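Colleague: Listed below, chain by chain, are the residues.
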Amino acid sequence: EDQVTQSPEALRLQEGESSSLNCSYTVSGLRGLFWYRQDPGKGPEFLFTLYSAGEEKEKERLKATLTKKESFLHITAPKPEDSATYLCAVRGIQGAQKLVFGQGTRLTINP
Amino acid sequence: DVKVTQSSRYLVKRTGEKVFLECVQDMDHENMFWYRQDPGLGLRLIYFSYDVKMKEKGDIPEGYSVSREKKERFSLILESASTNQTSMYLCASSLGGAREKLFFGSGTQLSVL
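Quick note, the sequences are listed as chains A and B, same order.
Under the numbering used here, the residues of the first sequence are numbered 1 to 111, in order.
Under the numbering used here, the residues of the second sequence are numbered 1001 to 1113, in order.
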């Protein structure tokens, strides 16, 4: 069974204080690892897909990396508007088209 | 941009009522999904559909059914609502490829009293 564990559950940073969110996964043949951002009361919004170990993707202050067992979402010099819940999900070979999600990391950036 | 529209933002129902949650996507996506999201439990898949009139059970299908009569519309049905079905319900859609991302609607917050 595919599984995703995210840590920490919540993270509070000062504006400009860089950090990383972790996503550990077990999957029967990775087809893709997905990062989403979710604001309160809204649906998840797509950020990145990573397909193979060693791959990296960047968008503004966010950078996602992937190894064979985990993914990191690095946040560089965050701003208050980066406050959100960040969700990690995997799609495995045996999972058809579905995504299996972690519980998310709630990130708060204080000004 | 892809748009996934859920018919209600907030819904309040009574125990035992039959509840319909509607979802429409405008990008001709093959796949559609229903997840529920609860604090501490994350998103859990209820049902998904990869074609019209086709459906597959997800991880927590008990107490739910679905209908997909047209490609753009995917309905979630609570046959007899119970208080433990109070949750945020999220609909999503995607193209058919193995690498395709999911596009989500804004969610329906359902309260069953």
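Worth flagging that the hints you see were computed from the coordinates, not collected in a lab.
Hints should not be assumed to be uniformly reliable.
[What the hints assert, rightly or not] The calculated lysine to any residue pairs, modelled on SDA-like cross-linking and capped at a C-alpha distance of 25 angstroms, are:
| # | chain 1 | residue 1 | chain 2 | residue 2 |
| --- | --- | --- | --- | --- |
| 1 | A | Lys42 | B | Glu1072 |
| 2 | A | Lys59 | A | Ser28 |
| 3 | B | Lys1055 | A | Lys69 |
| 4 | A | Lys68 | B | Lys1013 |
| 5 | A | Lys79 | B | Ser1067 |
| 6 | A | Lys42 | B | Gln1085 |
| 7 | A | Lys57 | A | Asp2 |
| 8 | A | Lys63 | B | Tyr1010 |
| 9 | A | Lys63 | B | Arg1099 |
| 10 | B | Lys1055 | A | Leu30 |
| 11 | A | Lys69 | B | His1029 |
| 12 | B | Lys1003 | A | Thr65 |
| 13 | A | Lys57 | B | Tyr1010 |
| 14 | A | Lys68 | B | Lys1057 |
| 15 | A | Lys42 | B | Gln1109 |
| 16 | A | Lys42 | B | Leu1021 |
| 17 | B | Lys1013 | A | Pro40 |
| 18 | B | Lys1003 | A | Leu50 |
| 19 | A | Lys59 | B | Lys1071 |
| 20 | B | Lys1071 | A | Lys63 |
| 21 | A | Lys69 | B | Gly1042 |
| 22 | A | Lys42 | B | Lys1053 |
| 23 | B | Lys1057 | A | Ile93 |
| 24 | B | Lys1055 | B | Leu1113 |
| 25 | A | Lys42 | B | Asn1084 |
| 26 | B | Lys1003 | A | Phe46 |
Computed from a predicted model, the values in this text were never measured in an experiment.
Colleague: With reference to the structure, classify each hint as holding or not holding.
Modeller: Structure-based check of each hint:
no.	hint	result
1	A/Lys42 with B/Glu1072	holds (21 angstroms)
2	A/Lys59 with A/Ser28	violated (28 angstroms)
3	B/Lys1055 with A/Lys69	violated (31 angstroms)
4	A/Lys68 with B/Lys1013	violated (45 angstroms)
5	A/Lys79 with B/Ser1067	violated (43 angstroms)
6	A/Lys42 with B/Gln1085	holds (19 angstroms)
7	A/Lys57 with A/Asp2	holds (23 angstroms)
8	A/Lys63 with B/Tyr1010	violated (34 angstroms)
9	A/Lys63 with B/Arg1099	holds (20 angstroms)
10	B/Lys1055 with A/Leu30	holds (23 angstroms)
11	A/Lys69 with B/His1029	violated (31 angstroms)
12	B/Lys1003 with A/Thr65	violated (28 angstroms)
13	A/Lys57 with B/Tyr1010	violated (36 angstroms)
14	A/Lys68 with B/Lys1057	violated (29 angstroms)
15	A/Lys42 with B/Gln1109	holds (10 angstroms)
16	A/Lys42 with B/Leu1021	holds (16 angstroms)
17	B/Lys1013 with A/Pro40	holds (23 angstroms)
18	B/Lys1003 with A/Leu50	holds (23 angstroms)
19	A/Lys59 with B/Lys1071	violated (33 angstroms)
20	B/Lys1071 with A/Lys63	violated (35 angstroms)
21	A/Lys69 with B/Gly1042	holds (20 angstroms)
22	A/Lys42 with B/Lys1053	violated (28 angstroms)
23	B/Lys1057 with A/Ile93	holds (17 angstroms)
24	B/Lys1055 with B/Leu1113	violated (29 angstroms)
25	A/Lys42 with B/Asn1084	holds (21 angstroms)
26	B/Lys1003 with A/Phe46	holds (13 angstroms)
In summary, the structure is inconsistent with hints 2, 3, 4, 5, 8, 11, 12, 13, 14, 19, 20, 22 and 24 from the numbered list given earlier, while agreeing with the others.
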